[in-house]
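Undergrad: Sequence:
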Amino acid sequence: MLDAIATVSLGGTLREKLEAIAEAGFTAAEIFENDFVSSELSAADVRMLMNDLGLRNILYQPFRNFEGLTGDARRRAFSRAEHKFDLMQEMGTDLLLVCSTTLKEADGDHGRIVDDFRELGERAARRGLRIGYEALAWGRHINDHRQVAAIVADVDLPSVGIILDSFHSLARKIPPSSLNDLDPEKIFLVQMADAPLMNMDLLQWSRHFRCMPLQGGLPVTEWVAALMQIGYDGPLSLEIFNDRFRAGLSGTIATDGHRSLVAVRDDARRLLTGEGILPPRSEAALRFVEFSTTSFRRNDFSEMIEAIGFRKTGSHKKRDIDLWQSSEGLPIILNHETESFAGSYGLVHGNSLCAIGVQVADRKAAADRAVSLGMKPADESSGSLAQYSVPAIRGIGGSLIYLLDDGIMRELLEKEFEINDPVKGDGRKKIISFDHLASVVRYDEFLSWVLYWTSLFDLRPCEEVDLIDPGGVVQSQALENRRASLRLTLNGALGGRTLASRFEKKFMGSGYQHLALETDDIFSFADDLKERGFPVLRIGKNYYDDLQARFDLSDALITSLSERNILYDCDETGGEFYQIFSRAIDKMFFFEIVQRTGGYAGYGAANTQVRLTAQRLAGETEEASALLT
Numbered sequence: 001m002l003d004a005i006a007t008v009s010l011g012g013t014l015r016e017k018l019e020a021i022a023e024a025g026f027t028a029a030e031i032f033e034n035d036f037v038s039s040e041l042s043a044a045d046v047r048m049l050m051n052d053l054g055l056r057n058i059l060y061q062p063f064r065n066f067e068g069l070t071g072d073a074r075r076r077a078f079s080r081a082e083h084k085f086d087l088m089q090e091m092g093t094d095l096l097l098v099c100s101t102t103l104k105e106a107d108g109d110h111g112r113i114v115d116d117f118r119e120l121g122e123r124a125a126r127r128g129l130r131i132g133y134e135a136l137a138w139g140r141h142i143n144d145h146r147q148v149a150a151i152v153a154d155v156d157l158p159s160v161g162i163i164l165d166s167f168h169s170l171a172r173k174i175p176p177s178s179l180n181d182l183d184p185e186k187i188f189l190v191q192m193a194d195a196p197l198m199n200m201d202l203l204q205w206s207r208h209f210r211c212m213p214l215q216g217g218l219p220v221t222e223w224v225a226a227l228m229q230i231g232y233d234g235p236l237s238l239e240i241f242n243d244r245f246r247a248g249l250s251g252t253i254a255t256d257g258h259r260s261l262v263a264v265r266d267d268a269r270r271l272l273t274g275e276g277i278l279p280p281r282s283e284a285a286l287r288f289v290e291f292s293t294t295s296f297r298r299n300d301f302s303e304m305i306e307a308i309g310f311r312k313t314g315s316h317k318k319r320d321i322d323l324w325q326s327s328e329g330l331p332i333i334l335n336h337e338t339e340s341f342a343g344s345y346g347l348v349h350g351n352s353l354c355a356i357g358v359q360v361a362d363r364k365a366a367a368d369r370a371v372s373l374g375m376k377p378a379d380e381s382s383g384s385l386a387q388y389s390v391p392a393i394r395g396i397g398g399s400l401i402y403l404l405d406d407g408i409m410r411e412l413l414e415k416e417f418e419i420n421d422p423v424k425g426d427g428r429k430k431i432i433s434f435d436h437l438a439s440v441v442r443y444d445e446f447l448s449w450v451l452y453w454t455s456l457f458d459l460r461p462c463e464e465v466d467l468i469d470p471g472g473v474v475q476s477q478a479l480e481n482r483r484a485s486l487r488l489t490l491n492g493a494l495g496g497r498t499l500a501s502r503f504e505k506k507f508m509g510s511g512y513q514h515l516a517l518e519t520d521d522i523f524s525f526a527d528d529l530k531e532r533g534f535p536v537l538r539i540g541k542n543y544y545d546d547l548q549a550r551f552d553l554s555d556a557l558i559t560s561l562s563e564r565n566i567l568y569d570c571d572e573t574g575g576e577f578y579q580i581f582s583r584a585i586d587k588m589f590f591f592e593i594v595q596r597t598g599g600y601a602g603y604g605a606a607n608t609q610v611r612l613t614a615q616r617l618a619g620e621t622e623e624a625s626a627l628l629t
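The sequence shown lines up with residues 1 to 629 when you count with the working numbering.
Just to be clear, a hint being listed does not mean it is correct.
[As the list claims (entries may be wrong)] Straight-line distance between alpha carbons at most 25 Å, and here's what the computed SDA-like set of lysine to any residue pairs gives:
no., residue 1, residue 2
1, LYS415, ARG497
2, LYS430, LEU347
3, LYS424, TRP205
4, LYS317, ARG269
5, LYS541, ARG616
6, LYS186, TRP324
7, LYS104, GLY54
8, LYS104, TRP205
9, LYS530, LEU437
10, LYS530, LEU617
[To be verified] Here are the computed distance ranges between Cβ atoms for each label pair:
no., residue 1, residue 2, range
11, GLY54, GLU105, 42 to 48 Å
12, THR27, ARG76, 32 to 38 Å
13, ASP368, LYS318, 43 to 49 Å
14, GLY374, ASP527, 47 to 53 Å
15, GLU339, LYS312, 42 to 48 Å
Hints listed in this document are in silico derivations from the structure and should not be mistaken for laboratory results.
Just so it is clear, CB atoms sit at the ideal spot from N, CA and C, and this is done for glycine as well.
Throw the hints in and build the complete structure from the sequences for me.
TA: Following this line, the structure appears as structure tokens:
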């Protein structure tokens, strides 16, 4: 199948769009009429530019409100079509998309529509051109691809065929199995789009909220699998209408588009045959995190993690890198090297989380999948695991994702570090795992990172939520695998005054904002934190008064929670969630301590406004104290 994308899917001028499409690896493009009309390029210029870029021009679109007209309106419709034919021949494409009419005055009689397309097809054939008929989901009379197929069959001309669009069919809940009865030879083009599941007007849903395959909730994988099953091997072309994409960088959106087509085709093949085109997604597990601590406040992280209960157990034998571990052996690496990847990262972003290590079943296969999806491999000589040739790819904010196998972590710890204080239980309550990583991403890149993580690893997106910050709204999406061994949250700020947006500005882009660590007894752990001087985020009395009313908690439990500044949530199945937050380090990074009971699977979204307000107030208090001193 040929990979293509419609120019309407991207922002920028027509020239910028076509250049981005070619750079992303596409081999073909659709020209959207408004992009051409508003361009300085002539039709001949478009043809030459696409030739130079190695792109096939597979479609000119759309031709609207054609069928079912009478009298002078019908005559003008054919006159318009002839003008489009002239343009297409000069531009270098042979296929015109005709979308089903929305005009009130158009006649929906099947026979009349067949007559219109037969005449249009005959005119097109005389010029060596073709007509593709598409059913708009909101079409006045024709809104189902099965209706289009019946009309095309009755027209019975080689020059008239079907154009399918996954959104128009799936948005109307037309099942992918409906494709089984189509003749693949009569399908001239398949356009692809996904969308979040929303209950709204079809036109508004289509025009503003479409997204790349695998970024939404429509069964696009099953759709492509059904096409493969009937033997369709023509182009798959993205046609995305999305306000965020139009405002984003055309290169990023085009890259995402190509990645999504590669991934959805692989998923569809795997669904049909059990084997895909790419190595399968790995069920990854987070095994370590690495911080760059090269800026002048390098001790902030060591003091914070020491207060959490981590201990410095060793130092790198040759480099300025320290190993810290919990009593259960959970590793955090503090990298103080200036002449290194961590040094460069810290120079740009300050003290921050610069790399993570994830364990996969086959690190080479995982790396090969990443490269096939257009993800950038990192220079193995620059990272902290360089000696072991561990593959790494660039992640959020340019950070590194090391791909580990089962034995590499033990080898790293034993051979690279001088262990001065081995891990041993000390009787205190324990950090038992990494619970999740929270990241802040640019709002216009939010869907890009959803696609990145879900196409690379076996992660499923949870329900998207809007988090209320005192300075605006933050869009949040959690991603996790079945074993909960890798959990991430993506947060994109809609306003410029949120904690997330302030992080993005100070951090100079996207990055990890906090790390959540899981304990098995948060009340005793909170007492240990207080004893060790952990800078706990203070939570106000009003929260606990409301908490008691919402969940009918006992006075004793409310007192225990409030004395320790523990946040609480409970789901509909009775699962419970407890949270303690640190104050932010340098107003940027903070830690979270959590406990989950009863199968609680969320992230405490109900507490977000409270804890974000508390972070803001804590920051303002620190600023005031700094001014006084």
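Undergrad: Each of the hints needs a verdict: does it hold here or not?
TA: Okay, the hints, checked on the actual structure:
no. : hint                        : verdict
1   : LYS415 / ARG497             : violated, 46 Å
2   : LYS430 / LEU347             : violated, 34 Å
3   : LYS424 / TRP205             : violated, 56 Å
4   : LYS317 / ARG269             : violated, 48 Å
5   : LYS541 / ARG616             : holds, 17 Å
6   : LYS186 / TRP324             : violated, 63 Å
7   : LYS104 / GLY54              : violated, 42 Å
8   : LYS104 / TRP205             : holds, 22 Å
9   : LYS530 / LEU437             : holds, 24 Å
10  : LYS530 / LEU617             : holds, 20 Å
11  : GLY54 / GLU105: 42 to 48 Å  : holds, 44 Å
12  : THR27 / ARG76: 32 to 38 Å   : holds, 36 Å
13  : ASP368 / LYS318: 43 to 49 Å : violated, 31 Å
14  : GLY374 / ASP527: 47 to 53 Å : holds, 49 Å
15  : GLU339 / LYS312: 42 to 48 Å : violated, 22 Å
In the structure shown, a violation is registered for the earlier hints numbered 1, 2, 3, 4, 6, 7, 13 and 15, in ascending order.
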